[in-house]
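Trainee: Whenever a hint applies, use it, and build me the whole structure from the sequences.
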Amino acid sequence: MDQGLSLHSDPISKDLYSVCVHCGFCLEVCPTYQQLGNENESPRGRVYLMKAAAEGTLPFDESVIDPVFNCLDCRACETVCPSGVQVGTLIEEARGQALSHIKQSGLEKFLHDLFLRKIFPSPGRLQRIRKLLRFYQVSHVQQVVRRSGALRLLPTHLREMEAVLPSVSRASARSVLPKESEQTKGVTKGRIALFTGCVMDVFFSEIHMATVRVALRNHLHVSVPKDQICCGALQIHAGDREQARMMAKHNIDVFLQSGADYIVLNAAGCGAAMKEYKELFHDDPVYRERAELFSSKVRDIAEILLEVGYEKPKSRLERTVTYHDACHLAHAQNIRSAPRELLRAIDGLTLIEMNDADRCCGSAGIYNITHPEMAAQLRERKLADLPHNVEVVAMGNPGCMLQIKAGLYAQGLTMDVVHTVELLDEAYRLEREVQ
Amino acid sequence: MNHMQLVSKLTAVLGSNQRVLHKENELYAYECDGYVAQRGRPRAVVFPETTEEVAAIVQLLHREKVPFLPRGAGTGLSGGATALNNEVVISLVRMNQLLHVDYDNMRAVVQPGFINLQLTKQIAKENAYYAPDPSSQSACTIGGNLAENAGGSHCLKYGVTTNHIVAAKVVLPTGEIAELGATYGDALGYDLLGLLIGSEGTLGIATEITVRILRKPQAVKTIMAWFDRVDEASDTVSQVIGAGIIPAAMEMMDQLAMQAVDKSNYHVGYPADIEAALLIEVDGLVEAVAAETDQIVDICKQHQVRAVRVAETDAQRALWWSSRKMAFGAMGRISPNYLVQDGVIPRTKLTEVLARIREISVSSGLRIANVFHAGDGNLHPLICYDASIPFETEKAMMVGSDILKVCVDVGGSITGEHGVGIEKINDMHYLFTEAELKAQIAVRAVFNPEDLCNSGKLIPKPGRCAEVKRASTMISQHLETYIKTSHGSNSHSM
Ligand SMILES: Cc1cc2nc3c(=O)[nH]c(=O)nc-3n(C[C@H](O)[C@H](O)[C@H](O)COP(=O)(O)OP(=O)(O)OC[C@H]3O[C@@H](n4cnc5c(N)ncnc54)[C@H](O)[C@@H]3O)c2cc1C
Ligand code: SF4
Ligand code: SF4
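For the record, the sequence lines run as chains A and B.
Each residue of the first sequence is one higher than the one before, counting from 1 in the numbering used here.
Each residue of the second sequence is one higher than the one before, counting from 1 in the numbering used here.
All clues stand as given, with none of them false.
If we take Cβ atoms under 8 Å as the criterion, some of the chain A residues that face chain B in the derived model are: (1) 18; (2) 23; (3) 24; (4) 37; (5) 58; (6) 83.
Computed cross-link-like contacts, DSS-like style, restricted to lysine-lysine with a CA-CA straight-line distance of at most 25 Å: (7) 51(A) - 263(B); (8) 249(A) - 297(A); (9) 179(A) - 189(A); (10) 461(B) - 405(B); (11) 275(A) - 263(B); (12) 23(B) - 51(A); (13) 263(B) - 278(A); (14) 226(A) - 179(A); (15) 14(A) - 263(B); (16) 278(A) - 226(A); (17) 438(B) - 461(B); (18) 23(B) - 65(B); (19) 216(B) - 157(B); (20) 189(A) - 297(A).
Don't read these hints as lab results, they were simulated from the structure.
Bear in mind that the values here come from a model prediction, so they are computed numbers and not experimental data.
We put the CB at the ideal spot given by N, CA and C, even for glycine.
Mentor: Now the structure itself:
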């Protein structure tokens with residue numbers, strides 16, 4: 001393959017950046033450009049800079065690296081780009097390049113290694129942290145800490161997040177769910193393997209339970225492979241491609257072995273990353289094919305329900321709801337209508353569209369921690385776009401849920417923030433009461 | 001004044017270093033606009049937010065004799081916003097407010113960085129819209145539209161930008177603030193606003209623009225027709241107009257353009273073997289629209305149309321339009337680089353000129369796609385090339401020039417809506433005499449006495465004509481030998 005200047009073994013691909021014809025259609029959909037008006041912080045600008053750096057006309061210094069790291073990787077630009085420039089992939093490759101030859105400061109490196117290389121990839125360590133956090137929350141320590149005012153030492157955005165952290169589930173879905181669903185009678189729509197993720201399973205295992213119930217209700221056989229680990233999306237976004245590859249290989253082996261027809265998840269970021277595993281292995285002779293097979297089986301929960309056919313709940317759920325498009329569902333996976341269709345299938349539920357539903361809320365992986373200022377601006381815009389007469393904001397990604405919850409908390413607003421599948425699960429549960 | 005002194009003065013005017021880009025490597029992204037064949041790095045980029053700030057910056061630059069130029073979204077296709085003289089770029093994108101809408105009198109006032117499509121979106125709830133709709137409307141600014149006198153698909157019936165701007169506040173190249181035009185009625189005296197519109201940022205910087213807005217028509221119908229042969233499509237265009245119908249839009253795409261855009265997110269599914277697709281829209285009163293639609297479908301059928309359909313849903317209509325509007329950008333799907341030309345011809349010459357373009361394509365070995373406003377006779381040949389092949393950029397530019405000459409020879413012009421910029425500056429000699437060019441330079445000198453504001457664009461400098469001609473003959477000779485030797489081995493031939 002024709003490649004750009006080889007700074008390390010995984011250079012930015014020439015055949016990706018050379019596709020940009022500099023037309024500018026992407027400018028107005030880019031959240032960072034909308035906020036700043038600076039072309040360096042636009043898709044067209046970023047591609048131009050990455051290209052210049054790859055060709056050696058621009059040093060790979062902060063003039064390239066800052067815009068590359070300020071990118072949300074939200075992929076809104078890819079949705080509009082008529083030329084098909086894969087800005088997200090380019091950004092991830094450039095971050096890989098940057099990490100491989102910038103020296104991180106001591107603390108940065110420590111945190112990077114701790115989270116992206118030690119904690120997330122290790123289910124055992126995650127479990128221990130889960131237990132610690134749960135202890136923190138249920139054992140009054142949280143109240144003591146909160147009362148002591150120690151949290152004031154945290155920056156505001158982290159304090160707001162601490163306040164809205166969901167209670168850590170008693171048990172992770174991966175460990176409590178049986179390896180295989182017992183239900184085999186009436187399984188007509190295929191076998192799915194549930195991907196449980198890392199952080200998701202610490203804070204949002206209820207969403208996994210809801211996902212499983214909804215899948216069973218719709219005649220899918222469910223398995224939960226026990227050896228699975230985190231998908232590596234955060235590592236890919238951060239540019240740690242080597243670590244991501246190790247994790248991806250592990251998951252590919254585990255899930256292909258499970259024999260499931262589909263690999264199903266309910267987190268948009270993980271879904272996008274797993275559908276793109278093949279990109280990580282574009283020049284790996286062994287794993288490329290396996291990755292392609294794996295990716296072809298990956299489905300978001302909303303997507304699979306539409307694909308195999310779902311049953312309309314027989315109950316009523318009186319709720320006014322608005323729907324936020326998570327970037328990695330709408331832009332990266334082009335899933336927009338499926339979740340809305342599921343919501344509309346619930347009798348009694350009124351769906352009110354918000355303005356620019358598919359503009360990034362600022363969460364973007366760990367962007368709200370690494371770039372609090374831009375993340376806060378985008379959060380404000382998102383909140384301003386919420387129709388004020390709705391009770392619930394639904395979406396398909398846990399990262400966005402945390403971000404929007406923190407925003408609502410900061411403004412003293414009381415809207416519910418839920419995963420789409422939770423509303424569906426609730427409607428199915430009400431069925432039994434109806435009967 | 002050295003660079004850092006200038007930077008600190010600019011920063012002092014704007015009150016914040018966040019609003020001045022000046023380090024060499026952060027200026028890179030501002031090297032060119034939508035026309036990438038020629039580039040130039042600006043000296044700095046500044047982001048004013050008010051008319052007064054623009055005026056203060058211009059006064060400073062005028063005083064210090066530092067060249068400068070205004071820039072909107074940088075979607076221009078003729079290099080108007082490219083800094084050839086190390087200019088300070090005055091970016092207007094942060095002046096992006098809709099200042100006022102008067103629905104009773106159908107006027108809106110916008111800042112220059114306001115995005116064209118946003119205006120229509122924001123006034124849609126009152127059943128109003130802004131008519132000029134360049135294909136780039138989702139990204140380009142109304143200030144940039146004013147400077148280029150932008151056209152668009154619906155300009156066939158509704159007229160180009162100049163028919164929709166009634167007044168503007170302008171910072172002149174000397175730094176004075178002037179108000180041109182009149183919100184209602186005709187302004188007295190010389191039509192200075194008319195002069196400013198289409199002057200490509202060489203006579204001043206618009207900082208507040210008052211536009212006419214329109215009520216949405218009662219009904220709209222969109223027709224897509226596929227033709228086996230280009231001439232049948234061209235004849236259809238002529239006959240529709242001949243029948244006394246003025247469609248809101250009448251657009252054509254050829255085979256290569258359809259192929260490119262069908263590979264994108266805006267996939268329509270054009271048959272692989274048709275030569276032309278027409279997209280025709282009629283609007284107006286319900287009954288009239290229904291009757292005209294039937295009449296147009298009939299005319300298509302009289303011309304051996306392969307298939308003709310009327311859009312059934314808004315989604316379908318929107319897809320057809322996106323497919324047309326995204327066609328330039330989709331060239332990246334089939335070619336690493338492209339150069340879009342913008343020639344105008346009398347509508348009756350369409351078939352002949354398209355055939356000439358095909359010949360030029362064959363003899364140069366460069367593929368040329370065609371997407372255009374057929375109703376206006378405004379052609380957009382998209383010349384595909386690969387800048388990484390030596391001399392191919394120059395070859396593409398030469399092909400562009402040759403096509404424009406064909407347009408002029410049949411009685412047309414070298415630009416319909418994209419402006420002259422730097423791209424077509426030498427082709428001005430083909431259209432105008434020396435005396436005519438001198439007259440235009442004299443006009444410019446009245447507004448832009450030091451020639452600091454977007455110098456080197458639009459009108460070629462006098463005296464250099466002989467030089468330019470000599471240089472261009474040399475280049476042509478050189479290229480001809482090159483083309484001869486490389487021809488046949490070129491993988492890009494049709
Ligand atoms: C894919 C694509 C499709 C296009 N389709 C069309 C089309 O259908 N019709 C059409 O007419 N054009 C079209 N264009 C060309 C372009 O979009 C228009 O010329 C548009 O008006 C440029 O606006 P801008 O904001 O990007 O201006 P820029 O490119 O930033 O600037 C254009 C010129 O205007 C000057 N300028 C900018 N702002 C001001 C101001 N406030 N005051 C004075 N001068 C100013 C600049 O100095 C420059 O000379 C297309 C471009 C692309 C990339
Ligand atoms: S829309 Fe695509 S081709 Fe156009 S400038 Fe943006 S990235 Fe490049
Ligand atoms: S991914 Fe999002 S933030 Fe990054 S360039 Fe594209 S639109 Fe902008």
